Each structure stands twice: as C-alpha cells, then as structure tokens.
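FYI, numbering that gives the first Met the number 0 numbers position 58 of the sequence shown as 57, with every residue one higher than the one before it.
Just so you know, the hints here were simulated from the structure itself, not pulled from any lab data.
The model shown is predicted, which means the values in this text are computed figures rather than measured ones.
For each residue, glycine too, the CB sits at the ideal point set by N, CA and C.
The reader is advised that the hints may include incorrect statements.
To be verified - DEER-style ranges, computed between Cβ atoms:
1. R65 - Y289: 20 to 30 Å
2. R118 - A55: 23 to 33 Å
3. R78 - T201: 33 to 43 Å
4. D128 - Q62: 49 to 59 Å
5. Y289 - P162: 47 to 57 Å
6. Q89 - G10: 26 to 36 Å
7. T168 - A122: 34 to 44 Å
8. N48 - L143: 27 to 37 Å
9. A122 - G164: 32 to 42 Å
10. R120 - D211: 24 to 34 Å
What the hints assert, rightly or not - Restricting the straight-line Cα-Cα distance to at most 27 Å, the calculated cross-link-like pairs of lysine-lysine (BS3-like) are:
11. K208 - K12
12. K167 - K12
13. K167 - K208
14. K40 - K59
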Amino acid sequence: MPDTTNDNDLGLKPPKSPENLGVPYALVEDLVLRRCMLEGKTNVTGLSNALALSTAIVDKVVQELREKKEIEVLGMVGRDYTLALSGLGQQHATDRHAQSRYAGACPVSLNHYRQVVARQRLAVYVNRDMLKTAFSDLVISDELLDELGPAINANGAMFLYGPPGTGKTSIAERLVRVSPDNVLVPRAVEVDGQIISVFDSTVHVPAEKQPDDLDPRWVLCHRPRVIVGGELTGSMLDLTYDTTSGVYLAPLQMKANNGVLIVDDFGRQVMTPDQLLNRWIVPLDRRVDYLSLNYGVSFEVP
Numbered sequence: 000m001p002d003t004t005n006d007n008d009l010g011l012k013p014p015k016s017p018e019n020l021g022v023p024y025a026l027v028e029d030l031v032l033r034r035c036m037l038e039g040k041t042n043v044t045g046l047s048n049a050l051a052l053s054t055a056i057v058d059k060v061v062q063e064l065r066e067k068k069e070i071e072v073l074g075m076v077g078r079d080y081t082l083a084l085s086g087l088g089q090q091h092a093t094d095r096h097a098q099s100r101y102a103g104a105c106p107v108s109l110n111h112y113r114q115v116v117a118r119q120r121l122a123v124y125v126n127r128d129m130l131k132t133a134f135s136d137l138v139i140s141d142e143l144l145d146e147l148g149p150a151i152n153a154n155g156a157m158f159l160y161g162p163p164g165t166g167k168t169s170i171a172e173r174l175v176r177v178s179p180d181n182v183l184v185p186r187a188v189e190v191d192g193q194i195i196s197v198f199d200s201t202v203h204v205p206a207e208k209q210p211d212d213l214d215p216r217w218v219l220c221h222r223p224r225v226i227v228g229g230e231l232t233g234s235m236l237d238l239t240y241d242t243t244s245g246v247y248l249a250p251l252q253m254k255a256n257n258g259v260l261i262v263d264d265f266g267r268q269v270m271t272p273d274q275l276l277n278r279w280i281v282p283l284d285r286r287v288d289y290l291s292l293n294y295g296v297s298f299e300v301p
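All chains, please: the whole structure from these sequences, using the hints.
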C-alpha cells in the first residue's frame with residue numbers, strides 16, 4: 000500500500016542529532032535518566048530501542064550526562080557501553096520521575112505533527128468503482144453510492160440516517176476502505192514540555208512492514224477507525240491526564256486523525272446532541288480543535 004514516508008521535506012528520516020529532534024534537549028536528557036533508572040544497568044543500544052532514537056543521539060546525550068557525573072560506564076560488552084546512574088544521576092532521575100514516569104519513545108514536536116497530518120489528508124477523488132470495491136461485501140444500491148460519493152469527496156463530516164437495521168453502521172465502518180493507503184502516527188507528541196501519548200494499539204494497526212529509513216518515533220499504520228456509541232462522554236473528547244504516569248492521553252478525535260471517527264447511534268450518548276455539537280462546532284467548521292493542558296495552556300491540533 001502507498002504511504003507518505005517518501006516526503007523528505009516532512010523530516011521523516013531518523014534525526015542524526017538531538018538538535019534535529021524538535022523537542023527540548025532537557026526532555027531528552029530526562030528520558031535517558033528515567034530509562035536508566037528503570038532498567039538499572041543498560042547500554043546505548045537498549046536506550047536507543049526503548050526511546051526510539053538513533054544510537055548516535057543516545058551516545059551524545061550519554062556522553063554529556065557522563066560529563067555532568069550523572070551516568071557511569073561500568074564496562075563494555077562488544078562495542079557497546081554498559082551504563083548505570085551515579086548517585087547524582089539517581090537523585091536527578093528520582094526528581095524527574097516524581098514529575099513524570101514516562102520513559103518510552105521520544106515525542107515529536109506539535110508543529111511536526113500538524114505538518115504530517117495536513118499532508119496525509121485524503122486527497123483522492125472517489126468514483127463509483129472505488130466505492131463498489133470498498134463496499135463489495137455489502138448490498139448497496141447505485142443510488143446510495145451516488146449519494147455517498149460526493150459526501151466522501153467533500154472530506155468533512157457526514158450524517159447517515161435511517162430506520163434501525165438498515166446498515167448505517169456497516170457503511171460507516173467501511174468508509175476507511177475508500178483510501179487503502181497508510182498513514183504515519185506519532186508514538187507521542189510534545190507540547191510545552193509535556194508528553195501526549197497518541198499511538199494506541201487498540202486503534203492503530205501498524206503496517207506489516209515498517210520503512211527502514213523512517214524516524215522510529217513514527218509508526219506507519221492503516222488509516223485509523225474509531226467507533227464510539229452510548230459510552231461517549233465529554234471527557235473522552237479532551238486530553239486526559241494520567242496522574243500515575245504524568246502523561247496526557249490523546250482524545251478520540253486526535254487518535255482518529257487521517258482516518259474515520261464514527262459516533263454510532265447519535266443522540267443516545269451520555270452527552271446530549273446539543274452538547275456534542277457545541278463541543279465540535281469549531282472543529283467541524285475550521286477543521287482544527289483546541290485542547291488544554293491541566294494548567295491552562297491551550298493549543299491547536301488538526
């Protein structure tokens with residue numbers, strides 16, 4: 000399947016230095032320290048894999064932390080260093096761990112995320128043959144296909160209505176098939192020094208083969224499809240702060256970017272239809288949403 004990883008201008012190649020990561024250097028240092036504390040003894044290769052960073056970047060950060068007397072080299076195995084935190088490093092890591100326990104993949108910048116999402120918007124003009132292929136396992140009249148086509152090509156919100164049991168949900172679930180290409184999903188996004196976890200294994204299905212030359216902070220996935228029904232609440236549409244990990248969890252619509260978000264049985268949610276439409280009046284009109292961190296900083300996402 001086609002993908003967007005050949006767009007070199009998007010900066011999707013693995014960064015070669017910390018300065019090219021697009022996130023604060025202090026955040027990268029904190030990730031290395033927390034990961035070292037989590038593992039006890041580790042090495043550059045292990046840190047590289049855990050943090051989704053090149054060994055060159057990890058090695059540079061480790062060398063600077065050694066100069067600060069926060070990391071010690073215990074020896075070498077092959078051509079790799081065996082590392083551990085010093086007393087000072089342990090103290091620093093403990094302080095940072097109290098603020099956030101996140102020690103996973105290094106995030107991408109918010110601006111980079113916006114650029115990639117914008118580039119991956121559906122740009123294919125859908126015709127009847129494409130629709131017949133997408134809905135090949137359903138019995139759908141040509142008249143309905145002729146109504147679906149312009150709605151899909153408008154590349155916006157769509158309202159499917161009709162009596163119960165007429166296949167509305169089945170049609171909505173298959174809309175993502177219209178564009179069978181792959182898209183890039185970040186593991187996490189950095190905003191104001193905070194980390195927002197975006198990749199969700201219950202939503203995002205990675206492509207079988209990941210490009211060798213792709214920045215490992217991104218995952219090549221099939222276009223996402225998120226379905227919510229009566230369980231939808233207002234909190235699911237905003238950032239959720241996990242007090243245990245110190246990480247924000249992306250809302251449903253952010254996880255569904257470049258894919259399809261289906262609100263099934265509209266009107267039966269815990270939120271009233273008015274509340275739901277009022278929440279989305281700006282996103283539906285301007286195709287951007289505004290989210291807020293728990294201390295008041297707000298930002299725009301596509």
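Each hint tested on the structure:
{"no.": "1", "hint": "R65 - Y289: 20 to 30 Å", "result": "42 Å, violated"}
{"no.": "2", "hint": "R118 - A55: 23 to 33 Å", "result": "27 Å, holds"}
{"no.": "3", "hint": "R78 - T201: 33 to 43 Å", "result": "39 Å, holds"}
{"no.": "4", "hint": "D128 - Q62: 49 to 59 Å", "result": "58 Å, holds"}
{"no.": "5", "hint": "Y289 - P162: 47 to 57 Å", "result": "37 Å, violated"}
{"no.": "6", "hint": "Q89 - G10: 26 to 36 Å", "result": "35 Å, holds"}
{"no.": "7", "hint": "T168 - A122: 34 to 44 Å", "result": "27 Å, violated"}
{"no.": "8", "hint": "N48 - L143: 27 to 37 Å", "result": "49 Å, violated"}
{"no.": "9", "hint": "A122 - G164: 32 to 42 Å", "result": "35 Å, holds"}
{"no.": "10", "hint": "R120 - D211: 24 to 34 Å", "result": "26 Å, holds"}
{"no.": "11", "hint": "K208 - K12", "result": "16 Å, holds"}
{"no.": "12", "hint": "K167 - K12", "result": "41 Å, violated"}
{"no.": "13", "hint": "K167 - K208", "result": "33 Å, violated"}
{"no.": "14", "hint": "K40 - K59", "result": "18 Å, holds"}
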